[in-house]
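J.: The residues making up each chain are set out below.
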Amino acid sequence: MGTQLVPVGQFQAHRRVWRRLVQTARLCCGIPDYDNYVRHVLEKHPDRTPMDYKTFFRERQEARFGGGNGFRCC
Amino acid sequence: MKGFSKIAWAALAVLGAFCLGTVALRQGETVNALWIVVAAVSIYLVAYRYYGLFIANKVMQLDATRATPAVLRNDGLDFVPTNKHVLFGHHFAAIAGAGPLVGPVLAAQMGYLPGMLWLICGVVLAGAVQDFMVLFISSRRDARSLGDLVREEMGQVPGTIALFGAFLIMIIILAVLAMVVVNALAESPWGMFTVVATMPIAVMMGVYMRYIRPGKIGEISVVGLILLLGAIWGGGQIAASPTWGPAFTFSKEAIVWMMVGYGFVASVLPVWLLLAPRDYLSTFLKIGTIVALAIGILVVMPDLKMPALTQFGSFGSPEYGKGPVWVGGLFPFLFITIACGAVSGFHALISSGTTPKLLANERHMPYIGYGGMLMESFVAIMALVAAAIIEPGVYFAMNSPPAIVGGDVATVAAKVTEWGFVITPDVLEATAKEIGESTILNRAGGAPTLAVGIAQILHSVLPGEDTMAFWYHFAILFEALFILTAVDAGTRAGRFMLQDLLGNFVPALRKTESWGANIIGTGGCVALWGYLLYTGVTDPFGGIRTLWPLFGISNQMLAGIALMLGTVVLFKLKRDRYAWVTIIPAVWLLLCTTSAGLIKIFDDNPAQGFLAQARKFQDAIASGTITAPAKDLGQMHQIVVNAYVNTGLTALFLFVVAAVLVYSVKTILAARRSPQRTDKETKYVALEPHQMADL
Numbered sequence: 001m002g003t004q005l006v007p008v009g010q011f012q013a014h015r016r017v018w019r020r021l022v023q024t025a026r027l028c029c030g031i032p033d034y035d036n037y038v039r040h041v042l043e044k045h046p047d048r049t050p051m052d053y054k055t056f057f058r059e060r061q062e063a064r065f066g067g068g069n070g071f072r073c074c
Numbered sequence: 001m002k003g004f005s006k007i008a009w010a011a012l013a014v015l016g017a018f019c020l021g022t023v024a025l026r027q028g029e030t031v032n033a034l035w036i037v038v039a040a041v042s043i044y045l046v047a048y049r050y051y052g053l054f055i056a057n058k059v060m061q062l063d064a065t066r067a068t069p070a071v072l073r074n075d076g077l078d079f080v081p082t083n084k085h086v087l088f089g090h091h092f093a094a095i096a097g098a099g100p101l102v103g104p105v106l107a108a109q110m111g112y113l114p115g116m117l118w119l120i121c122g123v124v125l126a127g128a129v130q131d132f133m134v135l136f137i138s139s140r141r142d143a144r145s146l147g148d149l150v151r152e153e154m155g156q157v158p159g160t161i162a163l164f165g166a167f168l169i170m171i172i173i174l175a176v177l178a179m180v181v182v183n184a185l186a187e188s189p190w191g192m193f194t195v196v197a198t199m200p201i202a203v204m205m206g207v208y209m210r211y212i213r214p215g216k217i218g219e220i221s222v223v224g225l226i227l228l229l230g231a232i233w234g235g236g237q238i239a240a241s242p243t244w245g246p247a248f249t250f251s252k253e254a255i256v257w258m259m260v261g262y263g264f265v266a267s268v269l270p271v272w273l274l275l276a277p278r279d280y281l282s283t284f285l286k287i288g289t290i291v292a293l294a295i296g297i298l299v300v301m302p303d304l305k306m307p308a309l310t311q312f313g314s315f316g317s318p319e320y321g322k323g324p325v326w327v328g329g330l331f332p333f334l335f336i337t338i339a340c341g342a343v344s345g346f347h348a349l350i351s352s353g354t355t356p357k358l359l360a361n362e363r364h365m366p367y368i369g370y371g372g373m374l375m376e377s378f379v380a381i382m383a384l385v386a387a388a389i390i391e392p393g394v395y396f397a398m399n400s401p402p403a404i405v406g407g408d409v410a411t412v413a414a415k416v417t418e419w420g421f422v423i424t425p426d427v428l429e430a431t432a433k434e435i436g437e438s439t440i441l442n443r444a445g446g447a448p449t450l451a452v453g454i455a456q457i458l459h460s461v462l463p464g465e466d467t468m469a470f471w472y473h474f475a476i477l478f479e480a481l482f483i484l485t486a487v488d489a490g491t492r493a494g495r496f497m498l499q500d501l502l503g504n505f506v507p508a509l510r511k512t513e514s515w516g517a518n519i520i521g522t523g524g525c526v527a528l529w530g531y532l533l534y535t536g537v538t539d540p541f542g543g544i545r546t547l548w549p550l551f552g553i554s555n556q557m558l559a560g561i562a563l564m565l566g567t568v569v570l571f572k573l574k575r576d577r578y579a580w581v582t583i584i585p586a587v588w589l590l591l592c593t594t595s596a597g598l599i600k601i602f603d604d605n606p607a608q609g610f611l612a613q614a615r616k617f618q619d620a621i622a623s624g625t626i627t628a629p630a631k632d633l634g635q636m637h638q639i640v641v642n643a644y645v646n647t648g649l650t651a652l653f654l655f656v657v658a659a660v661l662v663y664s665v666k667t668i669l670a671a672r673r674s675p676q677r678t679d680k681e682t683k684y685v686a687l688e689p690h691q692m693a694d695l
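Residue numbers (the working numbering), protein chains in the order written: chain C, 1 to 74; chain V, 1 to 695.
If you're looking for bench data, these hints aren't it; they were derived computationally from the structure. Any given hint could be a false lead.
Using 27 Å as the maximum straight-line C-alpha spacing, the simulated DSS-like pairs for lysine-lysine come out as follows [stated by the list, open to error]:
#1 Lys-44(C) <-> Lys-252(V)
#2 Lys-666(V) <-> Lys-683(V)
#3 Lys-305(V) <-> Lys-252(V)
#4 Lys-6(V) <-> Lys-252(V)
#5 Lys-216(V) <-> Lys-305(V)
#6 Lys-84(V) <-> Lys-58(V)
#7 Lys-44(C) <-> Lys-58(V)
#8 Lys-54(C) <-> Lys-44(C)
#9 Lys-54(C) <-> Lys-666(V)
These numbers come from a predicted model, not from an experiment.
This is chain V alone, in the form it adopts within the complex (with noise of 0.2 Å):
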């Protein structure tokens, strides 16, 4: 039997190999989406059941008989011993949101194999790794969050960096993100209805689980779906509407201020009336959409139309790394762009914070902390897929800046074909009457080309009048709403880690009870990331380009400390000879975090690093010039303040990740000097038979 599994495995490895081979190496044909997916499948699955395994057994030598603190200090609220399976959903919700969609979609410039090599190496060596690791170090040290795990095994500066660190990389995700629902819903009355919508739709839930049957989510959340999808149909007649659709069209500099009123106001109300509520419609939809889109793939097995490597991703090519969404060569841009699905930083914070309190017992530790991180690549594998199926004429007419393309379809239509991709005017309006928009220009960030994607997958399972304009919208409210989530979510945590800080100065301003503080602390977090928001977005060379690799580096930063961590817990556990497990992934993060944020600071091309392009601008003020793209000396000015702001947030980076990085090797000499252990590990507590029943 166990030569036959052994067989079994054997051939999943083969068949992994074999569709991967397929779709790199059939040049000029069109490729089937199905080859990249049951390529990326297999090869999670047999990463997962020896490499997964191997981690486990051997470098953290997990422990079955081992009392975790959910076993310890169960209390059936916060610590509660939980299945596997259901402990996996949540962990995997929690970790799972906009950013495996975005980056891989972002990515498609360079074409689908790139994204999908780096996807799928990525996480089986560097993401699930962080991810597993960080909950085997905290699970063992009472479910500590990684900033207090930082400080315990290293110390407290760089606990107090890292934890600095996180906050300056939250204000950049809320930003990041705010500004993909901004693109999406500018000129949209369709799609801002809906999203409008969410809100009396989500105060009416909360209402009704406070004080009319309290705590009773399953039939409030399916009434509440039953409304969002109303509100889509209801768009539709909006945005048809002569008198309707004009009130509900905005620009994007007033919905930046709509959004940043917004995340004020949401924050400081009381949780259960729009924060919880609208939590629980996103998660649901958010796990719905996935499984259908998944489905959807399975079902419509569509054709890949972007080439495997355009221009701007092959080597030898004259246009290499010049690409219009973002500017960079393949390294060390693409690891930037692409982080959440490959590795993201941010689940540290998961993986260090709630789960290791619901975990039953350490064995259930592969399968939640590798297997979940997995699952989250598979996400980002669907909307890389879901990027490529769509005419890549369409693609880079939606996601390139004006600055580059031009504003009108003739002159977009025109540079896209220019650069070997066929598209004509009529198709990009016919695309846009398509989908119930005005326009598909300009729409930079993902979250639209993504949708345009799954209504085409979601159309040809469901086929019907006008339902490509219905599925479309159905994807951006899917994706505004958890991104909505996440910004008031972001704000109110972003609010309690300001006030502790200023705390540290002002002691009344930790009063998080008191309006004054509340106000003062929502105040400042609002007004930090609504800046970077409101900059990017009248950016005349278009926020996305800047701010999204300042998001990756940001990210991969978190990551490359969690990975320090984890290779200074080996050495000190004295596992030397298994430390290349988070050195090889910690090593390739700082490589690309530093090289990247040190090209995007010093490099002398104006298109790339930050300093040339202030000091281009600032020659073209003295001399009394407006270089394109900017339209008058307000927008001159405006891009040396952003190259400034830019530069010197890239540079706090490079600080906290050299700092970090300092104190791990300063940490690993120590350990290494000392002939025992030097952990900080809880100590052993064994399980009692009946802890392991029922498990």
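So that you can see chain C by itself, here it is in the shape it has in the complex (with noise of 0.2 Å):
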């Protein structure tokens, strides 16, 4: 998991259905789609190295606690 290139589209219902709620979990806690990503910058920037997992981890973490938007509601 998290390591394939794989749209969600082309999953079986119940493994697409599973992937979303990791998805959901993540993205909950600021980490977006790795997949999505990854293959975002192969597309778009082929020019580009996408980032490891490892450091694409620590960026989002830092970015989503580091500005000055950490703050979640009441």
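Two chains, two frames, some hints: make the complex.
T.: Here it is, written out as structure tokens:
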């Protein structure tokens, strides 16, 4: 999980639901879908190398709490 | 088929009306909680289907072919077109917190009916409209933040005023949330141990995710949750132990100092070590508990024990407006006490923050903006149910300050029984014992009351010996966890705001990497909320009684600003005929906040008006007498100072609202004079067919 570059639409139904749930849980913690990011970089910016998952994770963690927008609601 | 679905919707509307009628009209009989839940859900669905889509189609004229910022600026990181259900989950997790759980519990002193009606009407006509409107405005303006939007549409000055207001609100929210935790943990070794235990657990998770298996959130969160449950069990052992029990027993003042120290340290530490992992834990626990509570209410179907209207909430009664938990009549104070769940200004910051950067298509907006807020209102309804199913005598014993009901079980029970909520001292002691605490008295703030309600529901679903105490502390931990996360994330965010603000005068303070500037910013922010927290906790009147109305006023005020922005934008778009959609809730909120603010400052009754209170105690000091609830001269002076500080804060809020109102009216008049549209929407870019597929 998290390493294949398969768009969600190509999964079977039950695996698609599970994957959506995992995506939701990760996004709630501020980590967007990694596959989607890699696919985006490969398609749109072929000159750049996508970050590996470790760097990607750290970058997102910093971005979530590092800036001025760390606040969630009461 | 179309006719059939119309009939189905009509049937749902009738069902909702019928349930609502049952809840409202059955006087003197016990009402089942299910009536409330069904009434709320059917009204939400009908409102979403008709009012939500009316706003989407007619007022906003959402366009499925228009590219959103997520599509235009897609970078796979901040801007990502996201599946609508995934985004709904994210948005809901970001907006729902302690607010919708605490407010309805405090409002239950009026009876469950007023709170329920305001939650349902408020969300449909005001709260959901506000979230939806801000999401729409922001998403058509490059996903900019609320402050930027106000600045862009109304001008530099109101923009800065709105930002300053947001900073003040944040400080108040932090203080009031921290106070909820302090009231729950004071003299409670069990609760204290479990909360302290979350820190090593979070640090362990942080190290694991950083170095051992980087970024593996799922597996380590499961481990963390199991350890948390272990910590709740361990807390019970600690509390029972004669040596460890007293070591984890702290007074309110001691916990305040720990919170202040903790807030400072946690917000300067690297985020991956403590803040982020605990945020993950609290997010998962929050969603899990809300789902468990919903299932629990459906399975147990408890009866409501609180009357529909207590004497504090019925107009004819001599006690009207003199409730022990908070003072004041239904208008305007009910609408201030229940902020989140009905309408919450803070959502404007979320709806104009991350969510529009993830929105794949404009047509998803009603579901996420309007629907997400309906969901939060549903959480608030569940909190109201949880507060209304416990014995009313227990409810009032837990939430009334000692200044009113006294300090020991015998006097409290006598006083509460005198109000007509029959309770014996034995029952109060037995309840405390059942939940594994030494006392349940003087625990205002909502969290402990809610925890008793949740514990009763979960205990009925999964009965077992001594499990009441386990579930009670589970519920306390669940609330304490996300409140603490809000405290350090909020301190961090406040620090950046403060550094930015001070940077206008001393540019060196703006450097966020510099340790000196960092410590000054954090220290300033912590000092501000720490001061309010400390004075609130030591306040002889009980801080929730003074601070919660301030929080409510400020939060509703921000909602008023967001709705005024919405009105301005509708006029600038030349959609004058639909402007009532935001004008009605904006006017209502302005009426509530300004009248509440003015009553709080100028009312003649010392129990209500800050200035009258200050005068009363100043006169007493001058004549050398000590007036209850103060016990010595120091407390007398403290009451006077608090009253003036609260007056100042309320006056500031009133100023912010008035200033934004003046600028809104000015902008609207200018927009009406102009023959064409004057809004600042980004220009239309069509989506390409492949971008519309796979949504």
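J.: Determine for every hint whether it applies to the structure shown.
T.: For each hint, the structure was consulted:
Distance hint between Lys-44(C) and Lys-252(V) is unfulfilled; the C-alpha atoms sit about 57 Å from each other, more than 27 Å. This hinted pair checks out: Lys-666(V) and Lys-683(V) have alpha carbons roughly 25 Å apart, not beyond 27 Å. At roughly 31 Å between alpha-carbon atoms, Lys-305(V) and Lys-252(V) are farther apart than 27 Å, so this suggested pair is violated. At most 27 Å may separate the alpha-carbon atoms for a hinted pair to count; Lys-6(V) and Lys-252(V) exceed this at roughly 57 Å.
Our distance criterion of 27 Å between C-alpha atoms is broken by Lys-216(V) and Lys-305(V), whose separation comes to about 46 Å. In summary, the hint linking Lys-84(V) to Lys-58(V) is supported, as the alpha carbons are separated by about 22 Å, within the 27 Å threshold. Note on Lys-44(C) and Lys-58(V): the hinted pairing is violated, with a Cα-Cα distance of about 36 Å set against a maximum of 27 Å. The suggested pairing of Lys-54(C) with Lys-44(C) holds, with an alpha-carbon distance near 22 Å, which does not exceed 27 Å.
Restraint check for Lys-54(C) and Lys-666(V): the C-alpha separation of about 52 Å exceeds 27 Å, so the hint is violated.
The earlier numbered hints that this structure contradicts are 1, 3, 4, 5, 7 and 9.
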